[in-house]
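Q: Listed below are the residues making up each chain.
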Amino acid sequence: MAHRSTAFVKGKKVMLEIKNLHASADGSSILNGIDLNVKPGEVHAIMGPNGSGKSTLAQVIAGREDYEVTEGSVTYNGKDLLELSPEERACEGVFLAFQYPVEIPGVGNTYFLKAALNAGRKYRGEKELDAMEFLALVREKMKVLQIDEGLLKRPVNEGFSGGEKKRNEIFQMAVLNPKLAVLDETDSGLDIDALKAVSEGVNALRSQDRAIVLVTHYQRLLNYIVPDFVHVLSKGRIIRSGGKELALELEEKGYSWIQEAVSS
Amino acid sequence: MIEVTEKTNPYVACFEKSKDSLPGNELPWLASERQKAMDRFAHLGFPTTKHEDWRFTNIKPVASTSFTESQPQEGAFASDPTIGIPLIDTEHARVVLVNGFFRADLSKLENLPDGITVKSLKDALKEDANLLEAHLTKYARYADHAFVALNTALFQDGVFVHVKRGKVIETPLLIFNVTTESAGQIACHPRCLIIAEEASQATVMEAYTGSEGSVYLNNPVTEIYLAQNAVVDHYKLQQESEKAFHIATLQVHQERTSNFANQNIVYGGAIARNDISATLAGEGIVSTVNGLTVGGGTQILDNHTFIDHAMPHCNSYEVYKTVLDEKAKGVFNGRIMVAQDAQKTDAKQTNQNLLLSGEATINTKPQLEIFADDVRCTHGATIGQLDSEAIFYLRTRGINEDAAKSILTYAFAGYVLERIKIETLREHVESVLCDRLPMGDLVRGAL
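Heads up: the sequence lines are chains A and B, in that order.
Every letter in the first sequence is one number past the one before it in the working numbering, and letter 105, counting from 1, is 157.
Every letter in the second sequence is one number past the one before it in the working numbering, and letter 184, counting from 1, is 1564.
Just so you know, not all the hints are guaranteed correct.
[What the hints assert, rightly or not] Only pairs whose alpha carbons sit at most 20 Å apart, straight line, appear in this in silico DMTMM-like list of lysine to aspartate or glutamate: (1) B/1724 to B/1635; (2) A/231 to A/178; (3) B/1785 to A/210; (4) A/231 to A/132; (5) B/1785 to A/118; (6) B/1785 to A/155; (7) B/1416 to B/1603; (8) A/174 to B/1782; (9) B/1623 to B/1449; (10) A/174 to B/1821; (11) B/1488 to B/1550; (12) A/205 to B/1798; (13) B/1547 to B/1490; (14) A/231 to A/69; (15) B/1387 to B/1419; (16) B/1785 to A/140; (17) B/1544 to B/1603; (18) A/131 to A/120; (19) A/195 to A/245; (20) A/205 to A/155; (21) B/1728 to B/1753; (22) B/1544 to B/1490; (23) B/1440 to B/1622; (24) B/1785 to A/117; (25) A/179 to B/1821; (26) A/195 to A/185; (27) B/1785 to B/1769; (28) A/91 to A/144; (29) A/174 to B/1781; (30) B/1544 to B/1508.
Quick caveat, the hints were computed from the structure, so don't treat them as lab data.
Produce the entire structure from the sequences given, and follow the hints as far as they go.
A: Structure representation (structure tokens):
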């Protein structure tokens, strides 16, 4: 899959603007002043050691209520994202691919996807898809992502392997067609074949209009999904930003190198 | 004791007054059985919460209401006779009982296939006395159950179903027990006997419904006998009036290599109690008892099940699901007994309870009594709220909170819904469930 760098398209407005974001859970602060701007078409990688706040950032963007935003702001397409419920954010085009996709026994994948898609369409004042239209759309996306039709008939994530769960996240992303996709450690726990398959899926969904934020611990994923920007997160702050070469440097020298470099 | 006597007295008096006119009074075995049952009832009295089997279900409102015995009703119905259950128009054969009495004019039995007999119990006592003597009152034990005793002593009518040897009846039989508004508060004790002869197969539904807002006691007892190799699929739908009392017993007796399955749907009633028991009296038997209970308001919904593994090489499967909202109370007591001789028994029991409000309560008790040493018995009970992770997951896909809760509740009930093979019944059961969900329309027909 060819990577089309869209990083420096001029004149595009910022889609996601995070300013001085502080967040805490159960009274302990996790994010300590994040600043980040993301434009349509860009792919940003957020890297960092365990406990640096990567997943918290992803969850706060998606609207998890377990985290309390204590300071700062998140603006998405001119709207105060933090004022919106998780479902409103989704309907506005924000998508979170979960690190641990939730199993929902008894709820069929097809039913779930159709309900989700039509919830968004209804919110945006678009016509809801009927069963035939929905099936046509789903088939098209399955073809692009090379997903087996058997997956549709199964309950959401129930009994799925780790790789299947992650692919199902990307498949949902393809169907829901978000403007901003946050992928939370989509590479964790995947063998190399599954990683390639998931990466190809993500690359197929890169476009001029869509921004992607990859949250990852390892550089490995970035061999397959080449980012435009790399940010290093430590103790709830972005301590360094750069291009894709920063990821390679991190891979070589480890996180301690950069943490030391920053503190000195 | 005095209090108990005061409460049982009217029933004893009623029996004394009517025993000579009760159906089957000319049959000595039945007359004597009725007398014994009434004596037993007078001795037992209504159970109180001091009885282990009634600890969490206080039936004082039943015991202290003076019900009058129901009388046969004539004439047409102003509206749909099967109140709230729109299954009457299906092509399936049906029986309608009104206030416990068989109504030939409302039933539709003319297209029954060969090999199955369906008639009122009253007629059967005249026409099939020998067969009834062998089965009626032989399975539902009243020695320790006041309500079974009461039914046995006082039943006036009911249904008799007889499936002949080797006959496979493909079309389901739907039995509707309807209680209509009456002058006073009535008590009904309908009795149903289903006999499936050797290697026969049948599907039977029993539905219970009543006029909205009316107070009555429905005390049905159903006995099902499966001869060797017989297969019976049985459904029970309880959708009584929200003020009614429904105290029911289903007693199944299974012979060698027979297969029985029951799906028990509990929706209605102010106080509703089911005692569902299966005696596995031969080898190679399969017995399945599943249940879905959905309660709200101040309903008290109690399911007691008992699987009696008396013989070796039998399997029993049990999944009971309860969804309770508002101040509803639920009880599940799942007893499994494995006799010393019942080696190679495989018994599985699961009880899952979903509490949608902070005030709803459930008391669940698996009760395994195992006297054999080479058996596999598993049981598990869970009580919980909707999975907040799953709700968040659905919300991040654009589905709002009420919709997410509706989807997850519906999915919770799905196991039992999927097992209802009578399509019209499944649709109806689903539809009633959806009506009770905050965004039921979204999940309607999702299965």
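Q: With reference to the structure, classify each hint as holding or not holding.
A: Taking the hints in turn, this is what the structure says about them:
1. B/1724 to B/1635: 17 Å, holds
2. A/231 to A/178: Judged against 20 Å, a Cα distance of about 16 Å means the pair holds.
3. B/1785 to A/210: Between residue 1785 of chain B and residue 210 of chain A the Cα gap is close to 18 Å, so the pair holds against 20 Å.
4. A/231 to A/132: OK: residue 231 of chain A and residue 132 of chain A at ~16 Å, within 20 Å.
5. B/1785 to A/118: 18 Å, holds
6. B/1785 to A/155: 15 Å, holds
7. B/1416 to B/1603: The hint holds at about 19 Å.
8. A/174 to B/1782: 16 Å, holds
9. B/1623 to B/1449: Holds, at roughly 18 Å.
10. A/174 to B/1821: 15 Å, holds
11. B/1488 to B/1550: The hint holds at about 16 Å.
12. A/205 to B/1798: 15 Å, holds
13. B/1547 to B/1490: 18 Å, holds
14. A/231 to A/69: 14 Å, holds
15. B/1387 to B/1419: 14 Å, holds
16. B/1785 to A/140: With Cα atoms ~16 Å apart, residue 1785 of chain B and residue 140 of chain A stay inside 20 Å; holds.
17. B/1544 to B/1603: 17 Å, holds
18. A/131 to A/120: 19 Å, holds
19. A/195 to A/245: 18 Å, holds
20. A/205 to A/155: The given pair, whose Cα atoms are some 14 Å apart, holds under the 20 Å limit.
21. B/1728 to B/1753: Holds: residue 1728 of chain B and residue 1753 of chain B sit about 16 Å apart, inside 20 Å.
22. B/1544 to B/1490: 17 Å, holds
23. B/1440 to B/1622: This hinted pair holds, its Cα atoms lying about 17 Å apart.
24. B/1785 to A/117: 17 Å, holds
25. A/179 to B/1821: 18 Å, holds
26. A/195 to A/185: 16 Å, holds
27. B/1785 to B/1769: Answer holds: residue 1785 of chain B to residue 1769 of chain B is near 12 Å, not above 20 Å.
28. A/91 to A/144: 16 Å, holds
29. A/174 to B/1781: With Cα atoms ~16 Å apart, residue 174 of chain A and residue 1781 of chain B stay inside 20 Å; holds.
30. B/1544 to B/1508: Judged against 20 Å, a Cα distance of about 13 Å means the pair holds.
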